[in-house]
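Participant: Chain residues, written in single-letter form:
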Amino acid sequence: MRICMFIILVSLVISIPTYVKAWEVTDSNGGTMVFKSDSFAKLPMIEIQTERDKKGKHLSDKWKGFLLNDWLKNSGYTEFGEIVFESSDHYQVRLSKEDLDKQQAIIALYQNDNPLAEKDYRLVIPGMRDMYWIANIVKITLQKKDQLMVPQIIYWAEPILNAKKLKSDIPPFKNMKGYAFTDLLDPNIPFPDGDVLVMGKDGVKQLLDYRKFLQKAVLEKTDSTGYWLKSPDMPAGMWIKNLAYVQFAKKGILFTRAYMDKSLGDLADTLGWKNAKAYFASEKSIVPTKPRSWEDRELDLSKIRLANPLFTHYPYAEIREK
Amino acid sequence: MKRIAIILSLLYCISLFAEPLSVYIPSKQLPSLTQSTNFQEYITTNQPTAVGALIVGDDQTAVGITENEFSLLNLNYDKKVWNATSDVLPLPVNIHHISCIYLYVSNECTTNPKFQELRDKSEFLGQAEKNGYIIWKYKLPKGIKK
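Sequence lines, in order, name chains A and B.
If you read the first sequence in the numbering used here, its first letter stands for residue 1, the second for the next number, and so on.
If you read the second sequence in the numbering used here, its first letter stands for residue 1001, the second for the next number, and so on.
Hints listed in this document are in silico derivations from the structure and should not be mistaken for laboratory results.
Mixed in with the good hints, there may be bad ones.
Calculated cross-link-like contacts (lysine to aspartate or glutamate; reagent style EDC-like; alpha-carbon spacing at most 20 Å) [as the list claims (entries may be wrong)]: (1) B:K1121 x A:D266; (2) A:K212 x B:E1123; (3) A:K216 x B:E1041; (4) A:K250 x B:D1078; (5) A:K144 x B:D1120; (6) A:K165 x B:E1117; (7) B:K1114 x A:D195; (8) B:K1121 x A:D27; (9) B:K1137 x A:D99; (10) B:K1137 x A:D233; (11) A:K205 x B:E1117; (12) A:K216 x B:E1129; (13) B:K1121 x A:E158; (14) B:K1139 x A:D195; (15) A:K212 x B:E1067; (16) A:K164 x B:E1129; (17) A:K250 x B:E1129.
Nothing here was measured: the structure is a model prediction, and the numbers come from that model.
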């Protein structure tokens, strides 16, 4: 009897497939490939050293892994503009190909000579903050260039929000004051659906699906860090402190407090509006220190002098002065 | 015989009039469309503060457009149905048999809660882009209240 049970147990164990993690890679044409992460150990590896400060501690780490760019190239992925990594808890990291080409990004399989578990294989980019160093990757999406267009109009956020009632404890968040993210929509954004660009003052940006990530989001008002974008549908690591800019299709919303000392040229630079930058960069800062009235709530790019082929279908006009 | 002829003539005359197309700011009805027109012309006359419109087909699919696209959309009454047509905007905007139109209004004193509710209860089917213009496509829930 015991022998029978032992045989059954052993055969059960043998029949359980070995759990291998895999990355699903979707190319810019929608084609999908699955890469098992146990194959990564066979790739040529390099070592890099990183220094960073985290929660008041200085961390010095040695990482060993394979070069991401080489792996992408060898896998046939050369034609893309942006790459989006997603972890199993829906944390997302978005990088432009330009950024990636400038950095020595690796997928680390070892940290300080200790092998990492497959789920802990980690994107490490020495030249970028560790919030980009995503682990537990399950999905990589390659996208074409120019996903984001230059907006036709930019509104000031503060007058839009000030016209709404400041709320306390918007579920599920407690001990907070602020607004629902949807308060930003009325009265200018009839259709928020699709990808929405959100960017913090520090230039960290995300392109997020409105219904999946932002519909239930809140804008927590803080004294120290302006508006803090939090969503129950986003891992906390993706929340954006000091929200500076939001763009729905061709309509942008700028948080003047976060952008007080910057100009549209800086914004164009940060967001890669290459054709627009040359014009905007020559403009003096046109962000007022404080929106003066409701009428000042919008900065209409069509009212800006035209020196840019992107805007040739608009009439020539000066920046509106109140 | 004469009476029958009069009745038939009357029925024929009635059939010549376009069935009016209803336009709403949700909860409020605006003057209906009674003849083919450019959408911008209707908006300029009746609701110049509109910044968005949801054009609803009789199959409950709807297309969202913003103010930049109003002038590029024509509303035509043909063979007893209203159609939306445009050569410039993305293809899904060409709706055959429109049942009604909802407007989203930008005004300091106006909010659009009913419009938002309708949009949020609808299934978002996707965006389409052509010539730099973007439109949104939705599937509306059944039994919507105007």
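Participant: Now, for every hint given, state plainly whether the structure supports it.
Facilitator: Cross-check of the supplied hints:
| no. | hint | in the structure |
| --- | --- | --- |
| 1 | B:K1121 x A:D266 | violated, 38 Å |
| 2 | A:K212 x B:E1123 | holds, 13 Å |
| 3 | A:K216 x B:E1041 | violated, 37 Å |
| 4 | A:K250 x B:D1078 | violated, 33 Å |
| 5 | A:K144 x B:D1120 | violated, 29 Å |
| 6 | A:K165 x B:E1117 | holds, 19 Å |
| 7 | B:K1114 x A:D195 | violated, 23 Å |
| 8 | B:K1121 x A:D27 | violated, 32 Å |
| 9 | B:K1137 x A:D99 | violated, 34 Å |
| 10 | B:K1137 x A:D233 | violated, 24 Å |
| 11 | A:K205 x B:E1117 | violated, 29 Å |
| 12 | A:K216 x B:E1129 | violated, 27 Å |
| 13 | B:K1121 x A:E158 | violated, 28 Å |
| 14 | B:K1139 x A:D195 | holds, 18 Å |
| 15 | A:K212 x B:E1067 | violated, 26 Å |
| 16 | A:K164 x B:E1129 | violated, 32 Å |
| 17 | A:K250 x B:E1129 | holds, 12 Å |
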